Amino acid sequence: MKTLLSILLLLPLVGLAQSSAKLNKVITKLNTVKDYSVDVEVKADIPMIKILPSKAKVYFKQKDKFKVVSKGIVILPKQGFSEINTFLSDKSKYMAIEGDTSKIAGVVVQLITVIPSGEDNEIILAKLWVDDSRSLIIKTQITTKSNGTVTTNYTYGDMAKFALPSKMVFEIDVKKFKLPKSVAADINQRSTEKKDDKRTKGSITVNLSNYKVNTGLSDELFKKKS
Amino acid sequence: MLRKNTYNEFVKILSKPRSFLGIGALTLLILLIIFAMKADGKSIISFVTASFEQTLSFNGHILNGYLIAFIILQMLIVHVPLLVALVTGDLISGEAAMGTIRMLATKPISRTKIVLSKFIAGAIYTLILILWMGFLAVIVSQWIFGTGDLIVLNSDGLTILQEQDILWRFGAGFMVAYLALLTVSSLSICLSAFAENSIGPIVATMAIIILFTIIGTLDVSIFDTIKPYLFTTHMASWRSFFENPVDMGTIMESVLILVVHNILLVALAIWKFNRKDITS
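Taken in sequence, the protein lines are chains C and X.
So the first sequence is numbered by our numbering: it starts at 599 and just counts up by one.
So the second sequence is numbered by our numbering: it starts at 37 and just counts up by one.
Bound-form chain X, shown alone:
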């Protein structure tokens, strides 16, 4: 029953134009970045390496597909949560707003399984989104720019990774990025269980992400104690795979915190939905 309901939920997601709007927007954004890098990528790279170029010369194929993929991932991982929340944010509250939730609750399936099926459908949509992003960022960029060593741009310096040592990092990086987006999906579904309208959980999810991100980026020591527990702190953990050596301890800590967030948020959504007085 869970499988059938998940299928139904996924069909519902696909029937919404906004689901394709997200994929379309992502495609447009990535193609725009690729076009910009093709047109003026060298000057952008030069801007980054300028402080070194007085003394050193960087030789080789620097502007390659891997670098473009890294830049795309870095730029868009901040914005993709909006596209996820746009779809998953009204999975429960949208039904309440449309009045279909009462009918849904009369089906021979427990409320827990209803929430779980919505969560799984949201997870599948998020997976499609990240796979599409990965295809455009890594495959299309490689096709246009070719391959080569990757210069990773950190705020404290450069790490140069060899070509043969990159693809697995992207694979692992996308997996952690997916887990981070799944947390956004869980958060919005959880908020959706508390709301009766479509737009509220979407806006609330974005507001929480923005607030946590601002706290995370503020260089104020008073926030140091809470930063490690904010899920937004771990949303960029995929970057750790592009350090040398890879700090697996930090990555596993991030994965653990994101998994705990997902479990707690889904549990909270189930708890709330089971006690929800469906009147719409």
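Same shape as in the complex, but just chain C:
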């Protein structure tokens, strides 16, 4: 009876240790990248924003240095590009729980729910769908205090060995957008008829190419104004 009770008490910890191990494999792969630069093409389909596809260069350096350089205007999600990597790298700040397995685009994935242990963390909850066989994150759903929920789907190409995606599709919550009329005086409005976009979800597709990994980017690069 005592043995059975011990097994029942220890069972959740065994599960936790397994999920952490799967996540650890992903984190280990992510940590092989000390820095990178990549060319990105951004296509944004966001309610109330009309923008053509734009190009930029993104720089990242461990642990949390991130910079976007572009000639034109580029819209990116506030969260989700590199924050999850930074968050996952500090294992003492969260607890990972293994969930169900499912299939995303024919790939068997393991759901890992990550719950921050501290009160002051910006991330409230993160769900990661991990391809355990390749140690890659296939999908994330991150809920933050200030930015709502952002769902990201990842596609991998040549740089899968570094866990760097070739395509990211962000699905974001967009609150109803209204500009102050004094700022955007649309005085040629011809009727009272409104043409509001009712959608509250938007998507941003980022195609990444021409990765340059571990080239030793200097800290100065991230201090310069783009």
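Accuracy of the hints is not assured; some may be wrong.
Stated by the list, open to error - Here are the simulated DSS-like cross-link-like pairs (lysine-lysine), alpha carbons at most 30 Å apart as the crow flies:
1) C/Lys-641 with X/Lys-78
2) C/Lys-632 with C/Lys-648
3) X/Lys-74 with C/Lys-655
No wet-lab data here; the hints were simulated from the structure.
Since the model is a prediction, treat every value here as computed from it, not as a measurement.
Put chain X on the given structure of chain C with help from the hints.
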């Protein structure tokens, strides 16, 4: 004779200090806006994009010369009609008030051509005003703030236009804005034909613009039937060039309505001036 009289009328415009007062005021206003944007432009942009910035980050050179030019055009297109009316509003009535109209009417030129020459002189002054505004807004702003993509601020969202796709929009936008100001010029000259004093047509022109603008901005469906025919509704049609895709149908409709207004107002002024009993 029309050309010579137009030249004379334009010289008369230039001889009035108020003609330069308008250009001076415009210069001061634009420089003031540029200074304000240089000092605190980022917070103004942030105020506009705040509702999105919780979720999205806008990267790139947002506060650039094109955005400043757009803001200047948007802010001042409401006020420039006053500067136009200030000069063109007394082109006929001012002569009546000064007593020079009788002498003008004795010249070997028809009354129709007198009105036309005043209208053309007013149009040239308006053109100079808008060209100066364009130079300060687009060229000087670019020189100070550089170039980049343009975020157009509409009441229902943002349109982001690429740098290489902007200059022609400003060119076309200024042309339509000029047509709108020309309508103000025609209106004030028309009112001037009915008046005997300088200040009346200027005040009346502004009163009409204010009244029509208020009707246009009121979200009351009862005005929906008349809004499309008010020239003030079409004064901001230049903004349509900054939408993507450009609604050429709407722009051409506005151009047509403004042209019809100009023709009717000049025709009315000619009709009135030809029947005017000049006693002053």
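Hint check results:
1. For the hint linking C/Lys-641 to X/Lys-78, the alpha-carbon distance of about 25 Å falls within 30 Å, and the restraint holds.
2. Pair hint C/Lys-632 plus C/Lys-648 does not hold up; C-alpha atoms about 35 Å apart against a cutoff of 30 Å.
3. The suggested pairing of X/Lys-74 with C/Lys-655 holds, with an alpha-carbon distance near 27 Å, which does not exceed 30 Å.
Checked against the numbered hints given earlier, the structure breaks only hint 2 and satisfies all the rest.
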